[in-house]
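Residue numbers (the numbering used here), protein chains in the order written: chain B, 1 to 113; chain H, 1 to 112.
Quick caveat, the hints were computed from the structure, so don't treat them as lab data. We put the CB at the ideal spot given by N, CA and C, even for glycine. It cannot be assumed that every hint is accurate.
[Said to hold, decoys possible] Some but not every residue of chain H turned toward chain B, in silico, with C-beta under 7 Å:
{"hint": "1", "residue": "Gly40"}
{"hint": "2", "residue": "Phe103"}
{"hint": "3", "residue": "Leu109"}
[Stated by the list, open to error] A few chain H positions that, by computed beta-carbon distances, are all more than 12 Å from chain B:
{"hint": "4", "residue": "Thr20"}
{"hint": "5", "residue": "Lys65"}
{"hint": "6", "residue": "Phe75"}
{"hint": "7", "residue": "Ser88"}
{"hint": "8", "residue": "Arg108"}
The residues making up each chain are set out below.
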Amino acid sequence: GQNIDQPTEMTATEGAIVQINCTYQTSGFNGLFWYQQHAGEAPTFLSYNVLDGLEEKGRFSSFLSRSKGYSYLLLKELQMKDSASYLCAVRGVGSGNTGKLIFGQGTTLQVKP
Amino acid sequence: SAVISQKPSRDICQRGTSLTIQCQVDSQVTMMFWYRQQPGQSLTLIATANQGSEATYESGFVIDKFPISRPNLTFSTLTVSNMSPEDSSIYLCSVPQFGEQFFGPGTRLTVL
Numbered sequence: 001g002q003n004i005d006q007p008t009e010m011t012a013t014e015g016a017i018v019q020i021n022c023t024y025q026t027s028g029f030n031g032l033f034w035y036q037q038h039a040g041e042a043p044t045f046l047s048y049n050v051l052d053g054l055e056e057k058g059r060f061s062s063f064l065s066r067s068k069g070y071s072y073l074l075l076k077e078l079q080m081k082d083s084a085s086y087l088c089a090v091r092g093v094g095s096g097n098t099g100k101l102i103f104g105q106g107t108t109l110q111v112k113p
Numbered sequence: 001s002a003v004i005s006q007k008p009s010r011d012i013c014q015r016g017t018s019l020t021i022q023c024q025v026d027s028q029v030t031m032m033f034w035y036r037q038q039p040g041q042s043l044t045l046i047a048t049a050n051q052g053s054e055a056t057y058e059s060g061f062v063i064d065k066f067p068i069s070r071p072n073l074t075f076s077t078l079t080v081s082n083m084s085p086e087d088s089s090i091y092l093c094s095v096p097q098f099g100e101q102f103f104g105p106g107t108r109l110t111v112l
């Protein structure tokens, strides 16, 4: 079976750092994605990890450990506009990099002043 | 990144009718995916739209309910047939490009 787990909700303070965890058990693995989704909008691509380690992109970083089936998204210097849902998704094994994505339930992050 | 457009952006439909959603990409892509996002939920894959062959459906989704066309490498349609209120969702198409995966703006469907 396939299972992707994330916390349902998190709250953090403006200017702080927050880490959103994602654990997965999938029948195949060809990369892990993080998306940001504001209410009423489509998901926006944030990061992609296929090898173990940390990928940094501005205020956002994503980490992957394939042996542990674990990833996290780190958001630094939180801003009010970072209040959104954060979706973890695993890409299965398909034709090269075109395998389908399986999504977790998403983590709703609320940033407070 | 790929530029993806969808039509319509939203619609309100009556029970028992059908709606066809269009997805247009600004570049040729081998595979296109259709997702559904029910209210307050995450995204669920409906099917993979393959050019030149039938779509591949995920468990719980069938061709009679969600027929898909893929006439060329830049365009696909998803039809939601014989709609019921439970079909009220956002429907999104998605394409992979350069290892990343991008989503269209979505079609918000409300069934009365």
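These are the hints, each one checked on the structure:
1. Gly40: violated (9 Å)
2. Phe103: holds (5 Å)
3. Leu109: For Leu109/H, the interface hint is violated, since the closest Cβ of chain B sits about 14 Å away, which is over 7 Å.
4. Thr20: Fine: 19 Å to the nearest Cβ keeps Thr20/H off the interface.
5. Lys65: holds (19 Å)
6. Phe75: holds (17 Å)
7. Ser88: holds (14 Å)
8. Arg108: Label violated. Min Cβ-Cβ 8 Å, cutoff 12 Å.
Checked against the numbered hints listed earlier, the structure breaks hints 1, 3, 8; every other hint is satisfied.
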